[in-house]
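J.: Each chain, letter by letter, is given below.
There are 2 protein chains.
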Amino acid sequence: MRKLFLLFIACTLTLQLSAQVITSPDKNLTLTFELRDNGVPYYKLGYKNKPVIKPSRLGIETNDVGSLAEGFTIEDTKQASVNNTWEPIMGEQKTIRNNYNELLVTLKQPEQKNRFIRIRFRLFNDGLGFRYEFPKQDELKYFVIKEEQTGFNLAGDHKIFWIPGDYDTNEYAYTTSKISEIPSLMEKATIDVHAQVPIKNLAVQTPSMMKTSDGLYINIHEAALINYPAMNLNVDPKTFAMSSHLTPDAVGNKGYIQTDAQTPWRTIVVSDKATDILASKLILNLNEPTAYEDVSWIKPVKYIGVWWEYFVAGKSTWAYGKETNVKLSDDFTKLTPNGTHGATNENVKRHIDFAAEHGFDAVLVEGWNIGWEDWFGNWKEEVFDFVTPYPDFDVKMLSAYAASKGVKIMMHHETSSSATNYERRLDKAFQFMQDNGYNSVKTGYVGKPIPRGEHHDGQWMVNHYIHVAKTAADYKIMVNSHEAVRPTGLHRTYPNWIAQESARGTEFEAMGGLAPEHATILPFTRLMGGPMDYTPGIFQTDLSYYGTGNQRVNTTLVKQLAYYVTMYSPLQMAADLPENYARFPDAFQFIKDVALDWDDTYVQEAEPGDYVTIARKAKGKNEWYVGGITDENARTATVRFDYLPKGKNYVATIYADAKDASWNQNPQKYTITKVQVNSKSVLKQPLAPGGGVAISIKEGNKQETKGLKKL
Amino acid sequence: MRKLFLLFIACTLTLQLSAQVITSPDKNLTLTFELRDNGVPYYKLGYKNKPVIKPSRLGIETNDVGSLAEGFTIEDTKQASVNNTWEPIMGEQKTIRNNYNELLVTLKQPEQKNRFIRIRFRLFNDGLGFRYEFPKQDELKYFVIKEEQTGFNLAGDHKIFWIPGDYDTNEYAYTTSKISEIPSLMEKATIDVHAQVPIKNLAVQTPSMMKTSDGLYINIHEAALINYPAMNLNVDPKTFAMSSHLTPDAVGNKGYIQTDAQTPWRTIVVSDKATDILASKLILNLNEPTAYEDVSWIKPVKYIGVWWEYFVAGKSTWAYGKETNVKLSDDFTKLTPNGTHGATNENVKRHIDFAAEHGFDAVLVEGWNIGWEDWFGNWKEEVFDFVTPYPDFDVKMLSAYAASKGVKIMMHHETSSSATNYERRLDKAFQFMQDNGYNSVKTGYVGKPIPRGEHHDGQWMVNHYIHVAKTAADYKIMVNSHEAVRPTGLHRTYPNWIAQESARGTEFEAMGGLAPEHATILPFTRLMGGPMDYTPGIFQTDLSYYGTGNQRVNTTLVKQLAYYVTMYSPLQMAADLPENYARFPDAFQFIKDVALDWDDTYVQEAEPGDYVTIARKAKGKNEWYVGGITDENARTATVRFDYLPKGKNYVATIYADAKDASWNQNPQKYTITKVQVNSKSVLKQPLAPGGGVAISIKEGNKQETKGLKKL
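Just so you know, the sequences run in chain order A and B.
The first sequence begins at 1 in UniProt numbering and counts up by one.
The second sequence begins at 1 in UniProt numbering and counts up by one.
No wet-lab data here; the hints were simulated from the structure.
Values in this document were obtained by computation on a predicted structure and should not be read as measured data.
Worth double-checking, as some hints may not be accurate.
Same chains, same label: a pair holds when it works inside one copy or across any pair of copies.
Pairs of lysine-lysine residues, derived as DSSO-like cross-links and limited to a Cα-Cα distance of at most 30 Å, are as follows [said to hold, decoys possible]:
1. K396 x K476
2. K470 x K108
3. K428 x K396
4. K178 x K315
5. K428 x K470
6. K349 x K108
7. K322 x K141
8. K299 x K396
9. K476 x K428
10. K299 x K619
11. K428 x K299
12. K709 x K322
13. K470 x K273
14. K315 x K141
15. K200 x K146
16. K706 x K299
17. K709 x K648
18. K78 x K327
19. K698 x K27
20. K315 x K159
21. K141 x K334
22. K178 x K646
23. K470 x K396
24. K315 x K621
25. K238 x K684
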């Protein structure tokens, strides 16, 4: 008996002390898991024998059932390998490879009646994903999270592209610094943003993009954020240790868990090539396939809108009335028209005409519905009803007019973050859309949330956004959310949640401007989680054109074209005013041509904060589009065409910055050149400071290619 | 010019210094308003030259726009008189007189750019109502309430019937004491109630019933609680000063106001007769008439239910499955049936049969829908979906079966206080009801609210209940809410909000018991605000009958009959099990006969904490019903019949406690006697300790009256 017992102890010790190790399919990455003193779980991650994450804690602290971060023994470990492919409904690639080695560790707490949790690690060639799982069991049914204790102990004082940790907004400008420099830069980085709630201790947001001194790129984010708060990262600027910091709710709790449950995946994308970071599909692979049975109604959307004029023209307004204190119960026909309302029948018809003429799918109309006179800043619950148009917006007439031209109107549901009001009215709002032929909605969450005390990135609001997406699907409606929590690949699971803003987008070009490097960072940060409705396409970049101020969009015109390729989204806006496109019809042709959905994507060059060059093949077509951008520095992009079918010539139309162009000098000067290219061609393309290049590549018949220079 | 200025000053001073006085139409009540030092508004109230409320402050403190409680000058005062009548859709009287003198004071703040508020006083013969009004103006658009500064400075150490101040529950037992004794009794009074949040400083709830040493009855409550938090009363046990204490929200604010707006009415019902307090229609008069155009579908409801068996039988459960951790996404047909589920097809059909046989309108069925396995205590958001029945409850079959018998099933929507979940699903839930022939719903709010941090009695939840009532009206559904905020007469405005619980009701007879005096206090407290679904009619009062424990309902059987008259509600349950009614068919006849809607009401005797005797005339019928109850003491009720048409004899059926009956000895012993009565008859009816009397009075033909003793 005693022998048996010793044997048992020995086995247990073996399990306890021997670290569990898996490698990525290509062997470059190594994940090690072990229990340390007091049964505390640790993991570490290495890449080609370099430490990416030094040994770091794992676990959850609760408010009610004791710690789920210590006192563990290993009950069981399992390994598995998966290598398959799947096809997204829309995406950067027709086919995505899902190839990983998995380690599933079951940890039990002997002093807690053997209750157990699991930690599941999936190690891909492009990085690591892991999550906590809480299986259904008698000893663990409900618990309240005090904090997640996931560590990310970095191996050095890396360069980091960061925005301040915040519970409510992602709309910060990026700061680039060493980790150790974050404290001294935090105050300056915490610029004013609506409804911001910066985290009190030192923290940054994810996706957090880093680069080590020896050239390793590390990106920390999360995947499949469902029924859980979003994660920020606490930062220790001395040890370079980061750790999870969940968004609290109104009473300070961080999450409510009912087993069977799991956390989102914590993701660490790693490579010594920056282009591999952008090419990573790890986050999408960690999300669940959609359960929607019919997805035929989910389609790319290229749209224009009654929108930019609200920011630049200085005369157009969302609001209809002069009054600044209105209620939904008011009779809005009795308001005094302010004379500047944007969403009028006439203006919308003009936009529909333009959209129809140039092949756009939809026209976004903001400011169509009552309530805009004092929609913001009053923490007002009953702020919009989503079904009552202003007196000068005739829904039935405009819907019929749009339908007759083959164009959709894109609905706008600004909620002013009064999420309870929106949920209460959601079915009626979507029914109204369906009744009037709308098939997509831009949602907005400007301001402090209601339920009061909740945050944009907390569990309640996370569930809200998903509730909206799922309910929209019941009505076959696509959702483009603004100011919602940053995306985590959920567009795989809820493909009608077609795009999000959730970062500092083009609108800020009219409100202080974006740094020329901004859009070279976004693909490495915000876009790691999913498509962004960046609303590019601003041709009239000098906004003093409209008669006031000296504000400008800090890019060349051509860089705005390049965004349609560098910023992946199946929903893309041509954000400028129709009359500005009319002034540059040749450049506008690129926006009209460019695809939104792709068979394949080729990240050719990239360095966060400096430049990005991407080529993509249009879905189901022999057409390719290339976008290259640079920061404030001129550079020469190297564009290769090796993805083209071999031995055949194609017509490339190159939209390039003029020689004397830059973001602040002659930004509207460009050249458009047609050349012949084949798979062996290489283009050395100069980009202006704050500039870019955009290229469309099509099959040309003899007539078209005749006389074209070969590249 | 200087002269003019002085004249202006003089006028202002006159307005400032001269108190404004109005009297009630019968001159018994006197209301005085004045501004004191620093422009602080005060009021006082007298009754027949006795002080009811000594000079007390008025005003609002805000969190954002400075004080609205001082710095005022009187801009204007207006007086008006109203004397008219109106007819409630259902009620204690066919016609209600609305007779008051009004003082409307406009107060401006010269140092705040002359922004202004109004205080409107309405002085009825039965008491005072006043409210704050915030007209729309450039200088006052939005503000956040820190606290309302309304004082109720009482004139002495009155006897008071009180429950502890609490933000979340009204389900306390009453304590009777002097005001000065409240501190020493508070701890004992604060018994355990689900989801209670007792107020930290000394406070009691309204309606607050008091009696002065010289026999004046004073009742403080509120009317028309809309878009505002419910009021508790801070208590100073030394000065007998009370003051408003509003229920805070999740972030500690007390209310969000957008002008044009007004507070609920603060009500002070006063009389030297206790019966006048019960007869007062002041609170109803201060509520707005309904805006519903069609009210034909709003009707009295007499119902039985699959309900009491959950409390007493010890074998029946709301839950269907043995499992104690379920999610709405689970397949409930896969649960292990616990064998004790109450809402089965068979049991519901049996209840429908009984209801049809005995003329009931409806059968409440609780526990019909999935989620009851762990519905409470986990602050769980997605707790019920309101549309998915358990596998053994066939909605379509039962709806058809009920319809074939002329009976409705009453829907049950327990929300577990997850109000956001309920709102999200509300339209679908009501559509489901409509599709299946339901026309009334019992809602429940057990547990801590979601949005988390909000309280049952805060502004958000107050708006929620009204939202539910209004949305229900869109579907022609009547609402009977349990655990909602205490009523304030809103059944006039939203008449489909037919009844509420909002106090310690019959269910507590099965959970510790109610004091025999409890139901003699409720009409003076909880019922001042509106009808109560008290769920009376328990015939089997000794609950050890069911085989366990020694719990008992602390009344005689006859007292349970009397409740149908003493507890006004157009919705009344016969709460006991059908098989218990079958054992006492002669007593059950009273429940079958008693009306729910009345032409007139005669409060004959009343003393809070001791006894209540009320007679009522059935709406549109020559039938009268009398209920008399006593506390733990035997007494002789004096029942008069002077409301009967003169010179005509009627048949009175008197349901009386047997001589040796009492609440704890022979509670089921009773006598039923038929006698002739006319308008001159007087009955001296002995009531047992914890007992009562119930009388039905009908026209009898010669055959029926023949041989009947004259009273």
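J.: Check each numbered hint from earlier against the structure, then list the numbers of those it violates in ascending order.
T.: Of the numbered hints given earlier, those the structure breaks are 2, 4, 6, 12, 13, 16, 19, 20, 22, 24 and 25, listed in rising order.
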